[in-house]
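In order, the protein sequences belong to chains A and B.
Oh and the first sequence: position 52 is 32 in the working numbering, straight run, nothing missing.
Basically the working numbering = 1-based index in the second sequence + 145.
Read the hints as simulated data drawn from the structure, not as lab findings.
Built from N, CA and C at the ideal position, the CB exists for glycine as well.
Sample of chain B residues with no beta-carbon within 10 Å of chain A, all distances over it, derived:
(1) P153
(2) G161
(3) S210
(4) G216
(5) R217
Pairs of lysine to aspartate or glutamate, EDC-like flavour, derived with a Cα cap of 16 Å:
(6) B:K146 - A:E38
(7) A:K21 - B:D184
(8) B:K254 - B:D184
(9) A:K18 - A:D65
(10) A:K(-1) - A:D65
(11) A:K20 - B:D184
(12) A:K21 - A:D65
(13) A:K(-11) - B:D184
(14) B:K246 - A:E38
(15) A:K(-2) - A:D65
(16) A:K20 - A:E64
(17) A:K33 - A:E47
(18) A:K18 - B:D184
(19) A:K21 - B:E148
Estimated spans, in silico, between C-beta atoms of each pair:
(20) A:S76 - B:A224: 32 to 40 Å
(21) B:N167 - A:L98: 34 to 42 Å
(22) A:T(-4) - B:A154: 37 to 45 Å
(23) A:E32 - B:V165: 36 to 44 Å
(24) B:Q199 - A:P(-12): 36 to 44 Å
Residue strings, one per chain:
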Amino acid sequence: DTEVTQTPKHLVMGMTNKKSLKCEQHMGHRAMYWYKQKAKKPPELMFVYSYEKLSINESVPSRFSPECPNSSLLNLHLHALQPEDSALYLCASSHSSSGAVRGGDTQYFGPGTRLTVL
Amino acid sequence: KQEVTQIPAALSVPEGENLVLNCSFTDSAIYNLQWFRQDPGKGLTSLLLIQSSQREQTSGRLNASLDKSSGRSTLYIAASQPGDSATYLCAVFANSGGYQKVTFGTGTKLQVIP
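If we strip away everything but chain B, and leave its shape as in the complex, we get (with noise of 0.2 Å):
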C-alpha cells in the first residue's frame, strides 16, 4: 500500500525566504507525482506535474522535482510571500488493480509571515 507523508507538517517562514518542502513515497512504481495548493476551506489548485520521466518542472518561483528510486519529491519555493500562505499537498499517481489511484500527502501548512 502506498504511503505518502510530508514533512514538515506545518512551516512558518518570514517574507522573502526561500524555503523546501518534502515528499516521500514508500513505492516508486509512478507515473506522475503532483503538487498541490490548498486554501482554507478550498479546493485544490495544481502548481506543477512532473511525470515519471522527468526529473524536475519549473513555474516561477516554484521548482519540484522527482527522485523516484528514492522515493522523494521536493517543492522549492523561492522569495516566499504572504499570499504563499496555504496547505501544500503532493499526490502520486499510480496503477492499482487497473484503475488510476492517487495517493495524497498529509500535507505541509505554510504560514509566510509579512
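Pulled out of the complex, with its shape left as it was, chain A reads as follows (with noise of 0.2 Å):
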C-alpha cells in the first residue's frame, strides 16, 4: 500500500471556525510533511513530523497547529484562518526525514485538501 489519503476533499469554513484536516497513510514511514499550495504556484513546506515528533516549522502563524497522534495519522488543526489561507493543503510522507535511506529517499503525497476560508 503506497497510498496516502487525506480528509477531507474540500473544506469552506468561516474565520471563526475550528476545523481540522487529516492525514494517514500505512508505509510505515516515520516522517510526515503539511504542505500549502497556493493556485498556480508550487507546493510550499509547512512543518515536518519525524517519530512523532515536530522537527520542523517553517515561521507558519499559530492559526495553524499540527498534530501527530501516532505513527500513521497526521492532523492539521485550523483557527481564526485568513481568506488568504486558502490553498489545497497536500501531506505527504517518506520513510526518514533526513533522507537517510540507502538509493534516497521519496515523499509519497496524498491527494490534498481544498480549503476555502470565506
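Work from the hints to combine the two standalone chains into their complex.
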C-alpha cells in the first residue's frame, strides 16, 4: 500500500470556525509533512514530523496547529483562519525525514484538501 | 539556497507530437529528482523518480533523464495525448541541516490539443 489519504477533500470554513485536516498512511513511514499550495504556485513546506515529533516549522502562523498522534496519522488543526489561507493543503510521508535511506528517499503525496476560508 | 526552474512555463502542442520538458537546479548535491503531474485542483501524481546514481528512468511513454553535473533534468513525453494535459512539476531532494528538503520547480503547464 503506497497510498497517503487525506480527508476531507474539500472544506469551506468561516474565519471564526475551528476545523481539522486529517492525513493517514500505512507504509510504515516515520516522517510526515504538511505543504500549502496556492493557485499556480509550487507546494511550500509548512511542517515536518519525524517519529511523531515536530522537527521543522517553517515559520507558520499559530492559527495552524499540527498534531501527530501516532506514526500513521497527521492532523492539521485550523482556527481563526484568514481568506488568504485558502489553498490546497497537501500531506506527504517518507521513510526518513533525513533522507538517509539507502538509494535515497522520496515523499509520497496525498490528493490534498482544498480549503476555502470565507 | 536551491532554486529549481522549469522551462517553458506553458506549452501547447498538437496531439501525437513528442515533447521535452526541462528542469534545472542550482545545487547539484541532490540525492533524488522526481517528476510529478498535477491536474487542476488536484494533488501530485508521481511519474518518475531518478536517484542521483542514475542517468534516466522510463515508464511507458515517459522518459526522464538526469545530469547532476550540469544541474539539469528533462522529461520526454512521446506521442502526446489530450489526457497528458496537466501541470508537470519537478522536485529535487537534498539534505539540509540533517533534514530532507524538497524544492519544487515552478512547473510547466502542458496542453495537448486534439
